[in-house]
Amino acid sequence: MSAVAAIARRPRTSLTLWIGLALVGIHVAVALLSLVWTPYDPTGMTGGRLAPPSWAHWAGTDRLGRDFFTQIMIGSRIALIVGTSAVAVGALIGVTLGMLAAFATRLLDDALAATLDILIAFPTLLIAMLVVAASDTASLGTAVLALGIALSAIVARLTRILAKRVLLMDYITAARTSGTSWLGIVFQHVLPNIWPTLSVNFALQFGLAVIAEASLSYLGLGAPPPNASWGRLLQEAQGTVYTAPIGAIAPGIALLSLVIGVNLLADGLRDIADPTRRVSR
Amino acid sequence: MSLLTIDGLNLTIDGKPLVSNLSLSIGPGERLGLIGESGSGKSLTAMAATGLLPRAILPSGSVTLGGQQVIGAPDRVLDALRATVAAFVFQEPLTALDPLLRVGRQVAEPLQRRARRDGRALAGAALNREVLALLEQVALPQPERIARSYPHEISGGQRQRVAIAMALACRPQLLIADEPTTALDVTTQAEILKLIDGLVRERGMALLFISHDLPVVAEIVERVVVMRKGVAVEAGPVREVFGAPRHDYTRSLVAAAKAFDAALEGTP
Ligand SMILES: Nc1ncnc2c1ncn2[C@@H]1O[C@H](COP(=O)(O)OP(=O)(O)O)[C@@H](O)[C@H]1O
Ligand SMILES: [Mg+2]
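Chains B and F, in that order, give the protein sequences.
Going by numbering that gives the first Met the number 0, the first residue of the first sequence is number 0, and it counts up by one from there.
Going by numbering that gives the first Met the number 0, the first residue of the second sequence is number 0, and it counts up by one from there.
Isolated chain B, as found in the complex:
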């Protein structure tokens, strides 16, 4: 069953879901648009320096006179790519590890759990910085990989706990008795049952990843120019935040609206994935 079909079949879909869809939809649309059109050349001097918002420059210009709105549009693209890929990397590694731990012998499980606890004690950003430092060039790819690896520990721990709880259920034992293999159990029962909780967590992590990428870029460890990530925009606006506050406000709003949108969307989708939460028929 596709999510779209499920939404369409149910007219009373929660408001959360629609607002989330709208916010994320706007960002996706803007990101796609930025591939073929932006108001100005992102690297060109297009007006006065630090110009306030006007009809010609909706979000003003930066200290080199580049159009700020153009850069935010491109930043949308980067945020979406970084968020999605980092969560995908984190989910792939994390869910696999967590599932292994849940099914593993006690010794291996304890070892994995302890390792994860130690990893989680390190701030996500610190782990990401270490990974970036270990690879000698800063690029979008390294940033994504670094964030994905950093996030995977959290995903793994959550997956392990959730999966263990499902594995205690009688229907698992019944399925095992009727001859379902471990792999069958994972894909038929465990993953679907932990998915609603995991997906909400992925949305949180998407937000974390976008913010962490902004932080990495802010520290000069993220995507190098001309990738105008919101983090870099914020960093550049730092020195002029009192004279031209729009430089910090605009990327801030962009960042916030995307993170909130993704979280609302995940909340709404969880309600669809879980039949016990659906509006009764």
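Keep in mind that the hints were calculated from the coordinates and are not lab data.
All residues carry an ideal CB built from backbone N, CA and C; glycine is no exception.
It is possible that some hints are incorrect.
If you only want the chain F side, here are some residues facing chain B, beta carbon under 7 Å, derived [what the hints assert, rightly or not]:
(1) L51
(2) P58
(3) R112
(4) A114
(5) Y149
Since chain B is already given, all that's left is putting chain F with the ligands on it; use the hints.
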């Protein structure tokens, strides 16, 4: 040849004994009750019988199910064995079904697996028919509606019937019912008990019936094993064990059941 033979089973966790030197056997079509207070090791014994013990619990001794040694056997061997020999019905109807799957889907799953094992294809309308037939056999009203429902949309007693249907779908030789009526109200309890009794007779299945409730066990099985703190204290035909209990613990069980009956009938 017996279906299930447990011989000198010991279960330990971190070196501490949970079940000690337990032996029992069930032949084809036989009905055995396992009775004992909560925590006496009944469920663990049933798990050990099918090789589904939690990993922390270590078994020793011998368990043969359908002629195959269970203890130490790899999952690959046990998967195939379990599918044809034994099926479970559990105590808690809330956790007996996957909350995310429609009832029909859940019943279809073991049906299809069984068909595949028998070398026939089962899908589409034929599968649907078998699902509905099975739901009818466990006396569920409006099987079409139930098949379309999610577990939370049907009652506890109905969920337990679905769980029984799923167990039957595997066409097992042995049905293991672990306190299948404990979580239900008294009327539903009696109905489920009657259903299990009828189905087991009809299909000539063997039954391992686990309960802490003496009258319930006495009603449905031929022989009993009485467990206490992981040890079998008494075993034999129902009439002998409950008619002339030899062990103090069994005596106290019988006395309690009698007192309860008396209280129900209003005689002092
Ligand atoms: N997964 C487990 N880990 C540790 N101890 C357990 C586990 N399952 C059961 N036990 C212990 O084993 C004993 C017997 O449990 P059980 O077989 O479930 O009892 P019963 O079914 O007779 O009520 C109990 O003392 C219980 O605490
Ligand atoms: Mg029990």
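Going through the hints against the structure:
Among the interface hints, the one on F:L51 holds; its C-beta lies about 6 Å from the nearest C-beta in chain B, closer than the 7 Å criterion. Because the beta carbon of F:P58 sits about 15 Å from the nearest beta carbon in chain B, more than 7 Å, this interface hint is broken. Proximity of F:R112 to chain B holds as hinted, the smallest CB-CB distance being about 6 Å (cut-off 7 Å). At its closest, the beta carbon of F:A114 sits 12 Å from a beta carbon of chain B; the interface hint therefore is violated under the 7 Å criterion.
For the restraint placing F:Y149 at the interface with chain B, the shortest Cβ-Cβ distance is roughly 4 Å, inside the 7 Å limit, so the hint holds.
Checked against the numbered hints above, the structure violates hints 2, 4; every other hint is satisfied.
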